[in-house]
Structures are given as structure tokens and as C-alpha cells.
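Residue numbers (my numbering), protein chains in the order written: chain A, 1 to 291; chain B, 1 to 443; chain C, 1 to 376.
Hints were generated in silico from the structure; no laboratory data involved.
Please note that a few of the clues may not be correct.
[What the hints assert, rightly or not] Capping the alpha-carbon separation at 25 Å, the derived lysine to any residue pairs in SDA-like fashion look like this:
1) B:K368 x C:E3
2) B:K75 x A:K287
3) C:K62 x B:K3
4) B:K365 x C:T372
5) A:K237 x C:N207
6) A:K141 x A:K287
7) A:K66 x C:E163
8) A:K257 x A:P188
9) B:K10 x B:L279
10) C:K311 x C:R301
11) B:K368 x C:E249
12) A:K169 x B:K368
13) A:K237 x C:T372
14) A:K257 x B:K368
15) B:K3 x B:T420
16) C:K341 x B:E140
17) A:K169 x A:P187
18) C:K20 x C:K62
19) A:K102 x C:K62
20) C:K62 x B:G84
21) A:K213 x A:K141
22) A:K249 x A:K287
23) A:K247 x A:E174
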Amino acid sequence: MEEKKEYFRWVESTYVNPDIDWKKAEVVSAGIDVGSVSSQMVVMCDGQIYAYSNTRSGSSSPNSAKNAMELCLKDANGLTLDNIHYLIGTGYGRVNIPFAQKAITEISCHGIGANFMYGPTVKTLLDMGGQDCKALRLNEKGKCLNFLMNDKCAAGTGRGMEVIAEILKVPVTEIGDRSFDIDEEPPPVSSTCVVFAKSEATGLLKDGWSKNKVLAAYCAAMAGRVVDLLNRIEVEKDFAITGGIAKNKGVAKRIEKLIGVEALVPKMDTQIAGALGAAIYANALYKKAKK
Amino acid sequence: MSKYKTEPMKLWKRIKEFKQNHFKEYHEAHKNGRLRFLGATALSISQYTGFENAVIMGSEPFAANIAFWKDFGLKCMEECERRGMTRELCGYSKCVWGAQFLNKNIMPDGTMLSEWGKPDFASSFSLAPCHCKWFQILCENSDTPMYLFDLTKAYPYNDENLIKYMTGQMLDCIEQAEKAVGQPFIDELFIKGVKNEFKSYRTWCDIMILNQTIPAPLDEKTIFSFIVPNLTKAYGDDTVALMQELKEEVQDRVNRGIAAVANEQFRIITDAIPPWPALELYRYLEREYGGVVVGSPYVICLCGSWKFENDKGDLIPTPTPVELGMPLTTREEVARALVWYRSHFSTETPYNIACGEVLHELTLKIAKQWHADGGMLHQNIGCTMQALGSMESRNAVAEAGIPCMNYEGNDADSREIDLTNMKRKFDIFFEANNVKRLTKKAA
Amino acid sequence: MFEKFSEILTNRHEYARDWKKRTGGKVVGFFCSYAPEEPLKAAGILPVRIIGGHKSSDKVGKYIAPNIGCSFCRDALGRGLEGDYDYLDGIVQGQTCLHTGEAFWVWQKHLPVKFSYFLAVPHSTQTIGREEYLAVEYAKFKTALEKWIGKEITNEDLDRGIESYNTNRQLIRQIFEFRQQDNPLVTGSEALDLALSGQIMDRDEHNAMMKEVLKKLPDRKMDRDPGTRIMIIGSVNTDREFMHMVEHECDLPATIVIDDTCTGIRYNFNDVNPQEDRLMAISLRYNHRPPCPNKDWPRRRRIPFIKHLIKTYKVDAVILFNHKFCQPHQLDNAVIEREMKAMGIPTLTLEFDIRIPIGQFRTRVEAMLETTMDII
């Protein structure tokens, strides 16, 4: 029997830093980000990334957190939950993580995480998550000064992109590149609502549009929606993007074009920014408590 | 072989030119030593005729023109959103705010202008309350002197308290405008302008009544092109003459059985401002189904004044104050007469303030009197005032046995218009009502 | 201390039914807070504000489209269509926004009551002649009421109505003043229940309850960290679940110290100043009260009012509380945001629907609280 292909699938991943021996660390801190679509865990040893995992969220927040944790610790050279001094939960499931000592919102965590990832010059951050999208203004320490969030709508989000992938039967990871493989940039589709997406996409294909052109029109529409947020919060350089959609060039490049500012190039998996921020907070709070 | 004879409207080109020229006059007013007045159509236009060198622009046609040119319209929307104005806000407001923020505008023929057209004095009235918020923001941002009228509740008409209140405001507005522009207000000009307006409006009613004929001599998309003279310059001698000519031409079409749509087989009423960026919809209905839109509360009342005969009877033209022999010799008398006439079903007053009271009755009367086979009512997300009452209008028309549907759209925001879906909804509606498709369905 | 107010608010329909039974009087529902309650009280009628139940009803969609009608009005209408308000003898609308107006018309047509009245209220609270206009409309309203109840409403009746409402507003303001303290003696949740219960209760009974509270309130000891002092600015707020979440469920402490809404101080800020022409006196009160954005033009009276409250109640952060599709507030919010930014006050805009996503809102509120403090 032919296996049903799941176009929305993106690669789940883990990482362990071979240069660090966690046993020698003074403080082992961790952050777990339970989002609506994906969950991550980051472990830090004295403020350096030691290990992380990035996985799909399950049906319940405690399970998602557990999965991310097990995946992260699987190859972490014997590191267990008991060895972690302080763990902070973040993301929409943050209050339901049984082994977290504290919860901090993903907004603050993404700010600090981006500050670590991209450096202190980041002033404007766009976090494009699974089910919502946030524009943040940060200070040089990564503290969030102001933020805006889109509302109850999957437009311009990871989940929206996954739906499009399924409708058009294009692997989600290929959408970005394919959306540029067109003769001419089409106008954005009028409806970025994922519920209506199906009828509209079908209509466009019927009108003779290529899949790539439809993808381009979707990416452009999504970019347009999130640029509203950025414009309202007023973009100040440097600008960076975190979250899963940061990996989709089709949206990211179009956002850059619309706001006339290039985003900093990510040095690591942009999906871990929230968990990373939580781990940084955990490190700091543990040290503060010890004093 | 077509069912009816058809031919283009002879006045089409002249009315288009009229619009173009009026916009040109407004935008070039300062160059020619004249004053610009921007006012909401209906109750804040003709009072400025007392200023000798005034060029008066109706804010709704001003906005609709931007909406029609959808690329520029979209830029205006986006500029507003950048400044925190949400998508749900009034489409017309955002067109004009956007033009102001960008300091650009567009002419009816599509020529871009390098200035938005700041008025020397502006006014609006609370047809919907946000009509005044529209001007509040506009005038704050451009430091324009303004007068905002309070039209509390226009129905039941003939309400002495309302007429007195509104007349007082109009007289106050004239004094404020005199101070703001530093020019005298000439009563004779005002009286002449208002009397002209009565004539232009009365003629419009006659033209609309002619469209009750089967086949309809006019279709609504064409009518949209004919509304501008009355909307923004009903006080002009040239408008009075033009409306008379238009009436004669339509009468001639009726006499000769000339149809707007050769294959008219299903007469439709709609209700609200159309989706300006997608007027091709009308052509779709005609081409595919011989569906001709014969009128709407919007277009019928927009440039005329109407009332129910003996309170609950048919919709009939409101007799003008001149026809009724009202005294019209002083500023006060004329202001009062103007308020009286316009606070009937005129412009969009039937939508005021919430529509539930009377709009559905009006819509049903129109459906019957204009011999509609069905209704396609526009759930105009760009205008809360119109959209809110649209479902009750649908219910009233449908319950009276005339098939009726709502379709969702936007008068100004092209992003909110899903043409594919709209057409599909229309297809289903026609199919359900056994209306034969005239073309072969696309594969 | 405020449990009784909360309890009556929760059981408001039972309260109204019981009031009818106890007094044999009539109950009239009103939509917007611009409906004049004094003449109703003078006529021996219990005016109750028609509010939603934060429950969806599939009966509303036939009359008002969900993608245009404000969530509060759809909810309120839904409760009517579901029969929750079957005890009403009449309905009144004091004209303000399109949404409350449409809810009134649909109600009148599809839920017939013995008495219904749409009262024309000036849209602007600044135009020439508005006070006289409204006084005349009140006179028409009074006549209609008299015809319905079959007796004259005398000046003495009107005085009683005015007195009862003036006392009520004064007492509410007195209690609200305790929120100005560094550790407010009244939480925002309590204040909402207090003010909102007034809008559904016999004001004399409400007054008596408030007088009892005022005896004990000065000695109240609060065992909570007041945290960030929040002001709510926006439409009609009946969202008790949200208030509770902000003050009791967030990871960080916060207290809602004041509001600019028509279920709070905006409604209770000014009184009727007695004068010989009672209806003119009432007209002046409604014309001069802090306006709803719908009525706030050409000049802006709201902004100075909001700034005054921020100063008096030592506000740290603002939540712009906006019902979905409440355009009047959306129209003002951009201006308010700008003003708050200039004052350095963090602002969070939230869009409320019939049911709110409490988890999402919690994230946003907590994030805003985090921006007002140093986590590390």
C-alpha cells in the first residue's frame, strides 16, 4: 500500500554540543517552549547552549513538554532532569509543564533568545510561530519594551503554511524556494484565511496558475499581513526573525522587501529562540537565587 | 437573437467629463483663487453655495473614486493600517485618510495628483456616527477648520425637534465657515443653489421611476456613473440642465423599448454601496444570466428624496419645498427647507442610524415597485452602517416571496473582495431559482 | 465584602423576576448607557441593562452577520433570543452606536414587548442646541411612558428618580476612591461587579448595600501584592472572567485600578444638577458626562479625561479593551495609543469576542506585565 505523504512535515531535530561536558558546569539551566505546533527544549551549561530538541507538539502540553525533554536528553551524555538546576517553561503551554519551576511568556523569552542568537543590536524582532505572530521592540539586553500580536487568525503563521503545503501537495520545506521560481510576482491572494485557502487555491489552479505562482501569491499575502504588525510597531534596525517561518525564505524575503530592511542571518535553528530565552532566564534566576 | 434592443447612453461621455471637470475644478481651486470645501454629501454641500468662489467636493464621491482605482486605494488602506487604523474601519474614511497621509490623490480618469486636496473648510454629519469621526481625524491631521453636524435620527421624518436642531446647526455652520474662510456668505446665492438642488433631486426621482419599466432602460453600474453631478454639485445650473437631459434620454429609451441589457431576464435589486474595486460583478450577472440590477435603496435615494405615500404606502418622491410653496426667501427659511427635504429618505438617511427600523421596509418596497425577481444584497464590510441592516432587509424581501441573498464584500478594500467566491455564490443563487445560464459554463 | 454584589450580578435574571414579584412593578431593559434611567425610575419602573452572557447563540446569525456586528451586542441579543430576558415588559435604546441600535430594532421586531422606545440622543455632546434637543426628546419619552403606565410622572417622581441615581453615582465614586491608595482597597473585579450590579438593580437597594460596604471599607486589610496598576479603556466591559484572570491568575501581580468604560467610572462620573426644568437637568447630565467615543467630536474630551484618571489613580499600564467590530472604539484607539506612548505608559490592545481565548489573553497580559518590570 502506498504510504500517504504528509507534505506539512518538517524535520524534527536534536543537537548536542560536543565541546561541553555538562558535568563540569556550575549551572545547568533549561527552557522548554510548548507551542501550539512545535515544542522545543534547550539546555544551557553556564550560559552556553549544550543541547536542544525541536519536535512537533502533541495533544497535551505536559506530553509535548515531556517529548521535547526526552528527545533533548536522549543523547545528552547521561544528563537527566535531576541534574538541571532551574527550568523555565514558556509558550502557550507554559503553565502546564509539570517539571518547570517558573513560567515566563514566550514574548519575553523570544526577546532574550534573539538577543543571544543575533547579538545586542537587534531592536526589532518578528516571531512567526505556529499559531500566532508577534512583533517586538527590544532594548540592547533583549528585554521586550513593546509588542504587538496578530489576532486569533492563522494567517501568516506556521500552521497556515502547513495547510497550504497539504492543499498544493508541496513539501512545506520547499515552499520558500519554489515561490521564487516564477516568471513574474503575482498579486497577493486576497484571502490568507486558511479556511478559505482551499477554495481560493483550487480556483487559481483552475485559472491556469502554476503551483509555484499560487505559493508566491500566498507567501506575499502572509508577508503583507505580518508587515502590518511591523509597520505599527515601527521597525528599527537591526531586524531579525525567529520562529519556524523564519526558515521560509518565500515569506521572509518578501517581508524584507516590503519593509525595506534586511533581516539578520540566523546562526542557529530559529525555532528554538523561545526555549533558549527561557534557559537564559533560568540561568540568571538560579544564579540570582543562589546569591 | 437578443430579447431587447439596446444602445449606449448618449450622455455617458458628457457625464464622465462632468465628473472629471468637477474634480479638476476642486483640485485646481487654489490656483484659480477659489476656495475648497469638502463636505459629506446630502446635508453639508449646498450651504456652501453662499460663498461666491467656492468649489464644493462631496467627500463620498471623493472617497469612492479612490476606492475605484484599487491600486491606489490599497496603498491608502495600508498607510492607514500602518498608523493603527484597523481593517474593520469605514472604507471611505480610510481612502481619504490614506490619500492625506500619502499626500497624493487620483483623478477620475486615473491621473495621479501630487497633493491630496486639503480643503479650506470641511464638514460632515452623523449619518453614521463614524462619518463625523472620519472628519475629526481628517481635520485634526491637516489642521483644517471643520463643522460636524449632528443628525440624530432621520426617521420618522417631519420631526420638528430634529428640523429645528439641524437648522440651528446649519446656520451656525455658515457663520463658522464665514469666519474660517474670511469671506462673506451671500444669501441670494445660497437660496438659488438650494432651489437648484431641489430641482436636480426631483428630476433624479423621475429618472429612477422610469427604471421601473421592463426592460429597464438603465442598469445600476451605469447609474453609478450618473450619480456624481447630483451628489457633489446638485446646486449648479449645469446639473439641473444635465439631469433634465438625462431624464429625457431615459424617457426616450422607455418610449422606444431600449433596454440597458439586451438579454434582461432576471431583475435584481441590491441595497448598499457596491464593491467599487469589483464592479465587473455587474457585467458578470448580465453576461451569464441576463441579470440586470435595476436599483437599490442606495442608488435610488442617494440623489433624490423619497417618502412613503400616506405613511405606509408606496415609495414616492418627496414634494420639494418649492412645489409645496414653502417660504424660501431668507437664509433661515432655506436652511430649514433644505433640512426638511433632506431628512426624508435622501442620500443614505434610510440607513440612519441603525437600519432595523425602516430600511427593510424600504428595500422591500423597492423590490416590488421596481419589479425585482430577486435581491442580491451587499454585506458591505467597509460600511458598518449599511452592512448591519442588510440581513434584516434580506429577511424582509425573502419572506415576501422574492428570492434574496446576501453577499459579502467591501466598498473600498480590494483585499476583502473574493471575486471567485462571489461569483460562485451568484451561480448557486441563479441555479436555485432556475435562471437559465446564457453562456456555456467554463470548464 | 463585595460578594453580595457579585452574587446578584450572577443571578441578575432571578433578581429582576423577584423584584417584579415583590413590587408588582414593570421591568424595562436598556441597551446603551445613554438611556435615561431617571425617568424610568420616576415611573416606578426597574431599568436593567441588557448584557450578554458570554455564551454563543445560533439564533443571532439570522439577523446580524457575525463578521460585522459587535460581539457585545450579538451576545446581548442572543440572550434575548434564547429567552433569558423573558421577564422584560419593555425595552429602551438611548441612541449611540449602530450596533446597539440594530440590536434594539431586531429585538423589537422579533421579541415583541409591551413597550419599546428608541430615544434619539445627540451624537455629538458638543453641538449647538443639543441640550434643548435632548430635553424635548425626553419630554416625548416621558409622555410615551405615561401613556403606557397610565399615570402622570410628576416633578416629585422625577426628583425621586434623580435623587436615587445621584446617590448611587456618588456612592460608587466614593468606593472607587479607595482604589487610588497604594494598595487599593477594592480590586478591579470587585469594582466591576459593584458598578455593573448597579445597572441591573433597584438603585435604592444598591445604595443601601453600598452604604454598608462604606462602613467597613476603610478598615479593610488587603493581603495581596497590588503589582502593576492597570487601567482599562474601552467599550462596555462585562467580562468578569477576564478581570479575574488579570488580577488573580497571572504569574505576576496586577490590579485594575480604574477604567474608562460605560460600566465603570465613565457612567458614574457626573450627577444631575437639580433645576426647575427636571428634563433639562437630566439632559445636561447625559450631555456632559464623559463621552463614549461615538459622541466625542469635534473636539476630543476623552483624552483629557483619561489623562486625569491616569494621574489620579497612578496608572502604570493601560489595556485597551475592544469588542470585536466595535468601530467607535477602534477609531479612538490609535489616538489613545499615541498619547499613551508619549506618556511612556505601556499599552496593550485586546479584542474581545463573545467568548475570549483566555490563554492567549493571559500570555499577552503577562508579557505586558513583564515589560513593566525587570525579570532578572
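To see whether the hints hold, each was checked on the structure:
1. B:K368 x C:E3: Not OK: K368 (chain B) and E3 (chain C) at ~58 Å, beyond 25 Å, violated.
2. B:K75 x A:K287: violated (51 Å)
3. C:K62 x B:K3: Violated, at roughly 38 Å.
4. B:K365 x C:T372: violated (59 Å)
5. A:K237 x C:N207: Violated, at roughly 57 Å.
6. A:K141 x A:K287: holds (18 Å)
7. A:K66 x C:E163: violated (63 Å)
8. A:K257 x A:P188: This hinted pair holds, its Cα atoms lying about 14 Å apart.
9. B:K10 x B:L279: holds (21 Å)
10. C:K311 x C:R301: holds (16 Å)
11. B:K368 x C:E249: Violated: K368 (chain B) and E249 (chain C) sit about 58 Å apart, past 25 Å.
12. A:K169 x B:K368: violated (50 Å)
13. A:K237 x C:T372: holds (23 Å)
14. A:K257 x B:K368: The hint is violated at about 53 Å.
15. B:K3 x B:T420: Outside the cut-off at roughly 29 Å; violated.
16. C:K341 x B:E140: holds (19 Å)
17. A:K169 x A:P187: Answer holds: K169 (chain A) to P187 (chain A) is near 22 Å, not above 25 Å.
18. C:K20 x C:K62: With Cα atoms ~32 Å apart, K20 (chain C) and K62 (chain C) exceed 25 Å; violated.
19. A:K102 x C:K62: violated (47 Å)
20. C:K62 x B:G84: This hinted pair is violated, its Cα atoms lying about 32 Å apart.
21. A:K213 x A:K141: Not satisfied, since the Cα-Cα distance of roughly 41 Å exceeds 25 Å.
22. A:K249 x A:K287: It is violated: about 39 Å lies between the C-alpha atoms, which goes past 25 Å.
23. A:K247 x A:E174: The hint holds at about 10 Å.
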